[in-house]
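Novice: So you can see what is in the structure, the chains are spelled out below.
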Amino acid sequence: MADQRDEQAPSIHLREPDDLDVEAPTLSTDLVPIPAPEPEGDDSELRRGDVDAWGRSERLREIARTVYDPLYRHWFRVEWEGLENVPREGGALMVANHAAAIPSDAPVIMHGIEKELERPVYGLAENLLRALPVVGTLWSRFGGVPAHPENAYRLLHDDQQLVLVFPEGTKGTGKLYRDRYKLNRFGRGGFVEIAMRSGVPVVPIAVVGAEESMPIVWKSPQLAKLLNIPYFPVTANMLMFGPAGLMLYFPAKFKLRVLPPVHFDVPPNQERYSRGRVVDEAEQIREQIQHALYDMLRSRRSVWSG
Amino acid sequence: MRVLVTGLGTFWGSRLAQELEQRKDVEVIVGVDTTEPVVPLERTEFVRIDSSYSILQRIVHATEVDTILHTHMIVDSTKVTGRSMHEINVIGTMNLLAAAGTPGSPVRKIVVKSSTLVYGSNFQDPYFFREDSTRTRGPQTRIERSLLDSESFVRDFTEDNPHVLVTMLRFSNVLGDDMDTPFAQALRTPVAPEVFGFDPRLQFTHEDDVVNALMYATTHDVPGIYNVAGDGVVTWSEVCRIIGRPRIPLPPVLTNLAAEPLRLGRLFELPPEMLALLRYGRGVDNSRFKRTGFRYNYSTVGAVDAFARSLRLERAVGSSRPAYRYERDAETFFRHSPAVVREHG
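Chains as they are written, first to last, in our numbering: chain A, 171 to 476; chain B, 6 to 350.
A couple of the hints might just be wrong.
Stated by the list, open to error - Ranges between beta-carbon positions, derived for each pair:
#1 F411/A - K295/B: 52 to 58 angstroms
#2 H66/B - G357/A: 55 to 61 angstroms
#3 T40/B - E296/A: 46 to 52 angstroms
#4 D220/A - A335/B: 53 to 59 angstroms
#5 S472/A - Q145/B: 49 to 55 angstroms
What the hints assert, rightly or not - Non-contacting residues of chain A with respect to chain B, defined by C-beta distances greater than 10 angstroms in every case (computed):
#6 R217
#7 T236
#8 R300
Read the hints as simulated data drawn from the structure, not as lab findings.
These numbers were taken from a predicted model, which means no experiment stands behind them.
C-beta: ideal position from N, C-alpha, C; glycine also.
Whole structure, please, built from the sequences with the hints as guidance.
Specialist: Following this line, the structure appears as structure tokens:
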């Protein structure tokens, strides 16, 4: 099925035979094999150590889970509903609202799903972190993957993994506290297109609590521009704890609601999908999450105790 | 089949000529280069030409070769100056294709050896470049620029000459017994360099698989662009663990500057494109070539294992490769003198 995509590859390709999938080569069948030493034992293995093809290390993930678990349980006191909506097997693209100056939602979702479902989660992020020494390597070992459409397609379609993405991107995390729980535009709906192409459902997740864990009270566009970062925030945490506020989240109560998976009734592996349909689906998913958020906020009595 | 091999004086050109000599259906092998062959050859005709291939057109017409194996692409910037790299990769390829594309040219197939260097190495990259993926930023080094230029000539040629089958193979970093690359050199040194805080995903192709792949493209009709890299990926720390080398960290900022003393001290070669790889690494999707029927002998980890074994042998007995020097008079004598008794006429 991946082959189908290949056939429609754009201009960079050289001219090709009509059908590449034909296993038998056309000209000569008696290729003289070059005497290579017999593959010795483990020569065919695809990896050594526990870092997978995506740079994720299950060993480091395990350590991270152990360290993070107290925070997850006692600080954020995370509660899930609708976890049964996350597929136990097969690829799925999880889509959530994004908040907090240093996003606290991604670790919560990844930790929760991995604990509850015992499936790895790969988090897509257009992340400048990867360019930083140590931090970038750890980010990748903990399951972070650069948000490139080809990465998403491969993870979802070829590897059938669970992938987490925040379509609001930095517009979500960089919004001021007064705009909390108001979802931004979901990009250009790229996530819907990738799910369609990969033939996997989108699983919307509404997250309550992240907004209050590190709210932004003021932003400096000039400093952000100077430092070449998406936003330069002053958070309530900084005002209260000083520099430690960069690390310290407020103990907001986290509640997450997983909505029923959205299946798209389209054939996978198409070169492109109707733009109108993609934008429309993306907007519907955005509205679903928005409604779920309002619903959850209606029944929330306190930011701290839920 | 009548074959012309460029870069006969290089490792790849020589290895391929040796393989071609084994095949009965290859009638004629003509090898061109600026330098002499590095391995003994039985029936390959060597022609010394200048690096820009200006007399190639005459050779092509005179020998009526139908297949050109263009192996003379510099992919290791430490071996030549920037100027001759441009001369060989860009001007050489341009003249080669011009010679192959003249009216009445007998050439029907061209196989080009390119490199996955054309994808670059950047933190926003996809983890597995497909043949039609685009770079996430412009070329950063001279070698990348020269390879991209040569590739664009190949593409133009393919469009202009629909009757010629063109295969372009993009190879990942190569390891093997005889191949001398910056990575091989770094792993031969008692300590291996790394960029502090980075542990990139890399892919390696064993040198035998490189020869196999080029031979496969020569003997089969597989037009198009293909990535060639051993299955799977391996992190640089794992490579160093397999080979048994401690790592010496280079600073993550001003890395190029910090590498300079190591280069001057001849400790490491560390070209800029390798420093980029030691930071962000690179992976390519190799499934397309496999779908044409090609089979690898080594995975990426397998190539590293094989290299570790060959290093152990090297440590024990020194280079296991016999010394060879090309003697023009002797070669001409053996090939053409009536005094030599030849079995196959």
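Novice: Does each hint hold? Answer for all of them.
Specialist: Verification of the hints:
no., hint, in the structure
1, F411/A - K295/B: 52 to 58 angstroms, "55 angstroms, holds"
2, H66/B - G357/A: 55 to 61 angstroms, "57 angstroms, holds"
3, T40/B - E296/A: 46 to 52 angstroms, "47 angstroms, holds"
4, D220/A - A335/B: 53 to 59 angstroms, "56 angstroms, holds"
5, S472/A - Q145/B: 49 to 55 angstroms, "53 angstroms, holds"
6, R217, "5 angstroms, violated"
7, T236, "22 angstroms, holds"
8, R300, "4 angstroms, violated"
Going down the numbered hints, you'll see the structure goes against 6, 8, while the others check out.
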